[in-house]
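2 protein chains.
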Amino acid sequence: MEFNESYFAKHIAPISGSAIRDIFKLLGKPGMISFAGGNPSNAALEPQVIGPIAKEVIEGIGAPILQYGASEGFIPLKESAHRYLLDSGVPCKESEILPTEGSTQGMDLLLKALIDPGDVVLVEDPTFLGALQAMKTYHAKIVAVKSDENGILPDELEKAMKEYHPKLAYIIPTFQNPTGVTLNAERRRMIAHLASKYGVIVAEDDPYHDLRYTGENLPTIKSFDEDGWVVYLASFSKIISPGMRVGTMVVSFPELMRKCVIGKQSSDLHCPLMTQAIVDAYLRKGLLPEHLTRIRAGYKAQLDAMLKGFEAFPKGTQLIKPEGGLFVWAALPEGMNATQLLSTAVENNVAYVPGTHFYPEGGHHNTLRLNFSNSPVDKINEGMEKLAKIFNN
Amino acid sequence: MEFNESYFAKHIAPISGSAIRDIFKLLGKPGMISFAGGNPSNAALEPQVIGPIAKEVIEGIGAPILQYGASEGFIPLKESAHRYLLDSGVPCKESEILPTEGSTQGMDLLLKALIDPGDVVLVEDPTFLGALQAMKTYHAKIVAVKSDENGILPDELEKAMKEYHPKLAYIIPTFQNPTGVTLNAERRRMIAHLASKYGVIVAEDDPYHDLRYTGENLPTIKSFDEDGWVVYLASFSKIISPGMRVGTMVVSFPELMRKCVIGKQSSDLHCPLMTQAIVDAYLRKGLLPEHLTRIRAGYKAQLDAMLKGFEAFPKGTQLIKPEGGLFVWAALPEGMNATQLLSTAVENNVAYVPGTHFYPEGGHHNTLRLNFSNSPVDKINEGMEKLAKIFNN
Chain A
667 MEFNESYFAK HIAPISGSAI RDIFKLLGKP GMISFAGGNP SNAALEPQVI
717 GPIAKEVIEG IGAPILQYGA SEGFIPLKES AHRYLLDSGV PCKESEILPT
767 EGSTQGMDLL LKALIDPGDV VLVEDPTFLG ALQAMKTYHA KIVAVKSDEN
817 GILPDELEKA MKEYHPKLAY IIPTFQNPTG VTLNAERRRM IAHLASKYGV
867 IVAEDDPYHD LRYTGENLPT IKSFDEDGWV VYLASFSKII SPGMRVGTMV
917 VSFPELMRKC VIGKQSSDLH CPLMTQAIVD AYLRKGLLPE HLTRIRAGYK
967 AQLDAMLKGF EAFPKGTQLI KPEGGLFVWA ALPEGMNATQ LLSTAVENNV
1017 AYVPGTHFYP EGGHHNTLRL NFSNSPVDKI NEGMEKLAKI FNN
Chain B
667 MEFNESYFAK HIAPISGSAI RDIFKLLGKP GMISFAGGNP SNAALEPQVI
717 GPIAKEVIEG IGAPILQYGA SEGFIPLKES AHRYLLDSGV PCKESEILPT
767 EGSTQGMDLL LKALIDPGDV VLVEDPTFLG ALQAMKTYHA KIVAVKSDEN
817 GILPDELEKA MKEYHPKLAY IIPTFQNPTG VTLNAERRRM IAHLASKYGV
867 IVAEDDPYHD LRYTGENLPT IKSFDEDGWV VYLASFSKII SPGMRVGTMV
917 VSFPELMRKC VIGKQSSDLH CPLMTQAIVD AYLRKGLLPE HLTRIRAGYK
967 AQLDAMLKGF EAFPKGTQLI KPEGGLFVWA ALPEGMNATQ LLSTAVENNV
1017 AYVPGTHFYP EGGHHNTLRL NFSNSPVDKI NEGMEKLAKI FNN
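Protein chains in written order, with the numbering used here: chain A, 667 to 1059; chain B, 667 to 1059.
Think of the hints as simulated: they come from the structure by calculation, not from any bench.
All C-beta atoms in this analysis are idealised placements derived from N, C-alpha and C, irrespective of residue type, glycine included.
Some hints could be false.
Listed below are the simulated SDA-like cross-link pairs for lysine to any residue, each with C-alpha atoms no more than 20 Å apart in a straight line [to be verified]:
1. A/K676 / B/V786
2. B/K812 / B/Q984
3. A/K759 / A/S1009
4. A/K721 / B/V715
5. B/K981 / B/T1005
6. B/K676 / A/S1009
7. A/K695 / A/S1009
8. B/K691 / A/K828
9. A/K828 / B/E668
10. B/K828 / B/Y864
11. B/K812 / B/A997
12. A/K721 / B/I727
13. B/K691 / A/A736
14. A/K721 / B/A709
Looking from chain A toward chain B, a few residues come up when the C-beta cut is under 8 Å (computed) [as the list claims (entries may be wrong)]:
15. Q733
16. G768
17. G865
18. P908
Can you build the whole structure from these sequences, using the hints too?
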């Protein structure tokens, strides 16, 4: 017999993989300036702090840290994440918290619990392509809802809820990936209300919450959630370490939490205890606030440099100036094609992600997403000059 | 709107969770002697070795160990796992290796890649209940194939392959969970042949491979695989640490490997780099062979104590004496009910897993699985005496 495409599950057969992660493979080229990923700055990572903490928790806790753990999570982390979430304006009980392998797994477990092939998921337009790929893996029908510079439009969201009876709506409210847009407070309140009115689970994916460089923090959608329809996804990837893969999900309906735990039992049994214990110790030692102050200052300088670089871009380029996060979103003048120009950019040792990948229905080839966190200021200046030259050519 | 059962995906709605993991919750009771789990001995775990290694790799590799990594895995681990697999009699190329969160995730990724609702998966009867739950999560049709004291019967397997056209067969060839049975060499060869003849992927789940206390190592099914139909699942959980959640899967068909990687992109993006790097360093330092010699000696003494304890069990109790692994399987005399007797056992501070949970179609209430690795010899003696008393009552 010969192995061929017909063996694959129907939902996964057409998926060819994350465009971003394929672009990543080009980035190993020496001298490449990459605005493509979503990596934190290496300067924002603390191996000299985390190394000793790792040794301390492993030797301190001893054998139990190397044993099997509970699918429901490492209890000390649930306690410290609880305090962190309360401080972040996410009202919840400790029993509503499930540690996950980054928010990625939180979204996967939610899809596994809820989505039958053909079930509708509402998303912002554009949205995070990793989430789109996860939805496709479960054969969800993805419906994009119009957004503007203040985030997803509640009227449009309500219309889509009425028309499509979705099970789930996926929203990145703060410094959205890819656009950098922040959903305003009034819309957050309205979305929580709509979720409950129409019986739609809202996945509030908020990994950039702590990365605000200007302006005031806004209340989470979850803070307006009276009945439990909002699932909050928090991640320590952008603020402590993505390589440790530690996030948490907050699930208020106990039956839904139970299904997420069941999904986790067969996905990975539990998150590694070691990484959970390290994040717990980091939080308990009170290291986060000062660390955030330091990395925000660095990221603000990088963002400012990137925004300055846009001044040399073609006349008519539109960009959204974010108040935080890791990305700047831009639209080149109509008729220009950022998707095609990527290969020229990569030849010139500079990379970005074409915006088309973030639109569920493609198109929008004049848009692009630029990451500033992963390049020091001098490289940002150099890379933006290169891009301006290519785009003006 | 009210949240209710109707929201759940059809496949996950009826799953109430792993019976084993629910039994685990009873085990916190002080004084409990647990033969229920599958935990390695705490004495077989090495926090004083792993702690310094963790510090060393984190500080040594620096920021990149805390950054995002490739879904395809941490390259140094792929190299050292490759050498480990070759030494274990698993012929493969490094490019065929995907690090996973234990074998649990390997199985999940394989199911995600292959199984549409209703697709048939063949399993041994009985088999590992965690795998059964994972299959149910993907709404697979599970068909049990008769096994005897030398493992699954190739004739029966062939008959089932002809009749059901399965996509996948799941086999634990060595010191099977739950029975402790080892598939003999001739049947291993035949199964590889049948996989290729009928075009069925065979998942060879081999986590107890290194835990042989008597007798000779057998060739893996994978070693007879000429065309690539056998996927080998290896785990470091039972030999280094389950809490780190590090395993590898060996996938020879490149298209299938690609789908597993795509599944992994949305499951957890990648395994934590830290845990991958620690296992890599552990293997490179050459610590495994001596560690295995030490833990095998300990486990053999525990197994011998447990086998001795059976002498006081009711006349007519049948047991399978394993040559390795972590479990002893027994059948009480017909008419006795190990499922019902569990509550009496737990009241008397001793626990096991009723065998019924391992049968896809239930029944077999006179059977039970006893783990010996997680209790020291004196506790094994004490617990077996208690069980003998309960079962003789």
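| field | Agreement of A/K721 and B/V715 with the hint, judged by alpha carbon distance not exceeding 20 Å | value | holds (10 Å)
| Regarding the pair A/K676 and B/V786, is the alpha-carbon distance no greater than 20 Å? | holds (15 Å)
| Do the alpha carbons of A/K759 and A/S1009 lie within 20 Å of each other, as the hint requires? | violated (49 Å)
| Is the hinted pair A/K721 and B/A709 satisfied, with a Cα-Cα distance of at most 20 Å? | Judged against 20 Å, a Cα distance of about 19 Å means the pair holds.
| query | Holds or violated: are the alpha carbons of B/K676 and A/S1009 at most 20 Å from each other? | reply | violated (44 Å)
| query | Given the hint that B/K691 pairs with A/A736, does the C-alpha gap stay at or below 20 Å? | reply | holds (9 Å)
| query | Given the hinted pair B/K812 and B/Q984, is their alpha-carbon gap at most 20 Å? | reply | holds (18 Å)
| said: Need the status of pair B/K828, B/Y864: alpha-carbon distance at most 20 Å? | reply: holds (8 Å)
| query | Is the Cα-Cα distance between A/K695 and A/S1009 20 Å or less? | reply | Roughly 13 Å between the alpha carbons, so the hint for A/K695 and A/S1009 holds.
| Within a Cα-Cα threshold of 20 Å, do B/K691 and A/K828 meet the stated pairing? | Judged against 20 Å, a Cα distance of about 43 Å means the pair is violated.
| Close enough to count: is the Cβ of A/Q733 nearer than 8 Å to one in chain B? | holds (5 Å)
| Proposed proximity, B/T1005 with B/K981 (alpha carbon, max 20 Å) | holds (19 Å)
Violated hints, listed in ascending order, are 3, 6, 8; each of the other numbered hints is respected by the structure.
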